[in-house]
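Engineer: Residue numbering for the sequence shown follows our numbering, starting at -16 and increasing by one per position.
Everything labelled a hint here was simulated from the structure, so no lab data went into it.
Be a bit skeptical, because a hint or two may be false.
Stated by the list, open to error - With a straight-line Cα cutoff of 30 Å, these simulated BS3-like cross-link-like pairs (lysine-lysine) come out:
no., residue 1, residue 2
1, K85, K45
2, K5, K278
3, K166, K126
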Amino acid sequence: MKSHDLRHTGRSPYPGPSKPFKKWEFITGNRISASPVIGIDGAIYIGSEDHNLYAMNSNGTKRWEFTTGDMINSSAAISSDWTIYIGSFDKKLYAIHPDGTKKWEFVTEGGISSSPAIGNDGTIYVGSMDKKLYAINPDGTKKWEFITGDIIPFAPAIGNDGTIYVGSFDRKFYAINPDGTKKWEFITGGSIYSCAIGDDGTIYISSCDRKLYAIKPDGTKKWEFFIGTYASSAPAIAPDGTVYIGAQGLNNAPMLSAIHPDGTKKWEFTTEGNILSSPTIDSNGIIYIGTSDGKLVSINPDGTKRWTFVIGDVINSSPVIASDGTIYIGAFDKKLYAITARP
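All chains should be modelled from the sequences, with the hints used to inform the complete structure.
Structural biologist: Listed below in structure tokens is the structure:
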């Protein structure tokens, strides 16, 4: 699922390549804004703005494609029974069998750009442009809906206790009980993008008010960090509690900020292009980010550059790492890339 787990930490259990080499590329019919997801059997799932969800084999051959009624710019989620869930701007959430056939569809009242999240009991949670967060049973029936004051374009996260966390463009961040009732809300000064949850239950959210917030599980503010400009992606959280988030600094230079768990700055890494996607952290603590100038950048935990791989077009996709160390990432040039260690 998006950002590797229900808490959106961005952590991968696998190491990435020491030196990048293009293994293969696959061309879709339109640009790729979504992030890839890897299934239990190693299949790679990627949505495209050509309306299709693609299932790819690790050798770059297409397994199947599933056509929706509008563009897909969210990531898929995969349940324990291998069902694939994906939302589309055609206002529908689709459940797809592993062979690419439709299991069911659930219709909302707005386009879906929110990646779905699956709870431990199999409930699927997804936000919609109709301002609602939906809880959907595994059979496709509605469990409940929670109404916010504006669109919900980004994925919910789920805490260890089953609390669902989601931000809305109404400037509020919501904690919702598993039964659909509101636990609490936290108000910021701008529209809210994505969130991530730390090992201690601290919730980190980015807002258009140019701040990163750390919120305690009871809904009170722990600290806030001024990131210079708004971040349109979720933060990632390393095992040591370091928080990584991409934004533009005070001098309008795009950068990745590393923040200590107490809210103080650890380091900054400047890039040439904007960081539009969430960082990924491999098992060695190395960070991977995509940039708007078409580069995949690998950064050491101390903030020094490890390597850069040039793709050549805007990257809005977060990288994902397979068990063999291959990185998969999409770009606006319509392609899904597989990047492995140089032979």
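Engineer: Work down the list of hints and note, for each, if the structure agrees.
Structural biologist: For each hint, the structure was consulted:
1. At roughly 18 Å between alpha-carbon atoms, K85 and K45 fall within 30 Å of each other, so this suggested pair holds.
2. Taking the CA atoms of K5 and K278, the gap is about 13 Å. The hint holds against a cut of 30 Å.
3. Of the pairs offered as hints, the one joining K166 and K126 holds, with about 17 Å between alpha carbons and a cut-off of 30 Å not exceeded.
Going down the numbered hints, you'll see the structure goes against none, and every one checks out.
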